[in-house]
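Novice: Assemble the whole structure, with the sequences as input and the hints as a guide.
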Amino acid sequence: MATTKHILVALVEDKPGVLNRVSSLLRRRNFNIDSIAVGHTEQPHLSRMTIIVQGDDARIEQVRKQLDKVVEVIKIVDITEDEPVSREIALVKIKATAATRSEIIQIVDVFRANIVDVSSDSLMVEITGDEDKVNSLLELLRGFGIRELARTGIIALPRGGAGPLIVEEMRVPKQPPKPPRSEAESPPDW
Amino acid sequence: MKKTGAQILCESLVKEGVEVIFGFPGGALLPFYDTLPQYPQLRHILVRHEQGAAHAADSYARVTGKAGVCLATSGPGATNLVTGIANACLDSSPVVAITGQVATPFVGKDAFQEVDITGITLPITKHNHLVLDVKELARVVKEAFHIAQAGRPGPVLIDIPRDVFQQETQFVYPDKVDLPGYKPTLFGHPTQIKKAAELINGAERPVIIAGRGVIISRAFAEIRELAESAQIPMITTLLGIGCFPETHVLSFGWLGMHGMTYANKAIDESDVLVAIGMRFDDRATGVVSSFAPRARIIHIDIDPAEIGKNVRVDVPIVGDIKNVLEVLNQQIVPRDHIDWFNQLDQWRREHPAIEIRESEGLLPQYVVRQIYEVTRGDAIIVTGVGQHQMWAAQFFFYDKPNCLVSSGGLGTMGFELPGAVGAKVGRPDETVWCIAGDGGFQMTIQELATIVQENLAIKIAIINNGYLGMVRQWQELFYGRRYVATPLYGPDFVKIAEAYGLPSLRVRDKREVTSAIEKAMEHQGPFLIDFVVEPEENVFPIVPPGAALVEAMELPKPERVSPSV
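So the protein lines, in turn, are chains A and B. Quick note on numbering: our numbering labels position 186 of the first sequence as 186, and the sequence is numbered without any gaps. Whatever position you read off the second sequence (first residue = 1), add 190 for our numbering.
All the pointers check out, no bait thrown in.
Pairs of lysine-lysine, DSS-like flavour, derived with a Cα cap of 27 Å:
#1 373/B to 65/A
#2 373/B to 69/A
#3 332/B to 65/A
#4 133/A to 93/A
#5 385/B to 65/A
#6 65/A to 366/B
Keep in mind the hints are simulated off the structure, nothing from the lab.
Specialist: Right under this line is the structure:
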């Protein structure tokens with residue numbers, strides 16, 4: 001099966017150590033992670049993790065199911081198929097001399113990025129965009145000499161109205177009424 | 191009224207129905223131990239090594255169906271629990287491990303006897319928690335017991351700093367747990383169940399593989415109904431042994447690296463495989479690419495992550511096995527597969543698993559068989575790991591669940607003795623035989639003191655061959671008989687037993703075996719027998735590494751004689 005890049009979004013409880021738990025699990029099972037971005041959500045006490053992972057379908061399904069087992073992970077969804085809006089921010093420090101400065105500024109303008117810092121021999125550029133846009137700009141700037149680069153990793157939201165991560169709408173299979181089982185309370189008799 | 195953290199912990203344990211704690215004290219636990227006598231409902235069993243506490247709690251959980259509780263102090267006490275916790279994790283045993291921790295101002299400062307046990311046990315616990323405020327203690331305990339037992343059981347660790355034991359707060363035990371992220375699916379999807387029923391009804395050569403999940407779910411009646419109504423041959427995994435009576439005509443043994451050849455063959459020839467509560471472990475499947483090549487696979491398990499992990503599955507069903515089978519059984523059309531059954535029966539007769547070759551010497555297989563004969567199969571057998579474990583599974587017939595208590599997933603040597611402690615404490619009115627290897631026995635030998643102090647009438651049979659048996663066998667078969675680090679010098683176990691204060695016997699002659707076992711059974715209290723057996727016996731059949739299940743090596747033909755049964 002083909003190896004592709006998937007965007008997994010997990011809604012997790014905002015408790016200490018959750019990021020540690022998730023990254024520990026990813027490391028343990030040898031999953032190929034490109035980036036993880038974590039932050040608060042519109043719901044209190046809940047954080048949102050956006051994980052970019054490489055693999056074939058079977059592998060990704062395993063990642064998703066193993067992460068779902070973590071108690072603090074409330075819901076985890078693969079939104080790659082939904083063609084979501086995805087963005088990341090990069091800050092990059094470029095070598096810039098008097099000769100090259102205007103050329104750099106032109107490229108930056110074309111990408112609608114911003115210059116956020118200037119010094120005698122460098123420029124710092126801030127760019128927000130999807131992965132392709134950021135990669136393209138970086139490719140063009142590489143020729144001038146990249147001094148330092150920081151990228152946040154991707155965050156993504158699916159398009160359209162309601163999102164897939166509303167806790168109340170969690171998919172719960174219809175349970176048939178459970179017959180009273182008093183033996184569940186007392187120790188089983190073997 | 192305000193209560194201290196120690197009192198809150200005790201009361202919470204009582205509320206959870208805990209009756210026994212296997213533990214070992216230490217500095218960080220002093221406040222807790224000082225409070226413990228106020229709660230006589232909690233029986234504390236002092237072990238001699240924290241690993242023993244963890245294994246005992248695991249074994250206790252397996253035989254009673256309740257969560258097992260073990261307790262250790264901070265630092266080295268906690269790290270000594272790690273093996274036992276990993277063991278409980280891989281075999282899905284509900285264990286709640288409580289560890290003391292240094293006082294909160296010292297956490298994270300490399301203090302005396304401080305260790306980040308929550309970090310260390312992250313990959314081997316279902317969940318763990320460091321309690322930094324006494325106000326959350328009751329909730330954490332309730333959640334711990336819930337998580338340990340719900341869905342697929344597993345170990346949970348609670349780390350409690352010393353000062354939290356001493357802080358005071360109002361004690362309110364929560365009615366419910368609020369875990370939005372943990373809601374196991376208990377009822378199988380009706381469409382999937384229907385698909386499975388269709389497959390089973392149309393099968394020509396069906397086979398059921400039942401694993402430990404059937405025992406955890408207590409689905410014994412349901413699995414029996416499934417097997418009997420559709421006349422499906424029943425095979426178990428090592429840890430599923432006992433979920434279906436092994437003396438039943440439809441029982442075709444267990445599969446895997448040392449399983450019965452006819453079981454492995456049946457799976458290879460089957461066209462529909464119903465895998466229930468098992469996880470296609472590599473010891474069970476042999477090389478995965480050759481596993482069940484002709485079969486459509488139905489996989490019923492409560493853990494969705496197991497489905498599709500090792501083997502591609504045609505009909506996955508996530509749910510509690512008992513619930514799923516109740517619905518599935520209603521859709522099964524009663525029929526027989528008389529040709530298929532006869533074929534399997536013929537294989538069973540051609541490759542009997544129960545033959546013990548003729549020998550003047552004392553054979554370990556014979557010892558296990560005699561234990562079966564004397565107890566008439568009415569005993570709980572706790573084993574260690576290695577050759578003796580395989581023989582205990584092969585030469586004893588288990589008709590009831592949780593009568594074979596064995597470390598399958600982690601394969602922990604040394605499980606035998608503390609495991610027997612947990613089993614006997616959990617079911618005191620039953621006969622408990624600890625079948626040990628001389629290697630593993632030496633790893634947790636100190637628990638003999640626990641057995642004597644608590645007066646647990648455990649019968650111990652040491653299969654003493656002077657070698658690290660299983661490793662030696664592999665060195666013989668696959669490494670040109672180069673025995674490196676496997677000849678094992680051991681102490682005089684009879685003298686050790688005497689030193690610990692329990693009666694014992696040494697047996698070297700096969701004619702003395704039965705009387706020794708009977709003597710052990712008659713004695714009211716613990717008894718140890720040192721069986722000095724043939725040193726270079728091998729476990730057969732064996733599926734070599736990298737081979738398919740049907741490529742098993744069997745006992746060399748010339749020595750095989752008619753079955754001893």
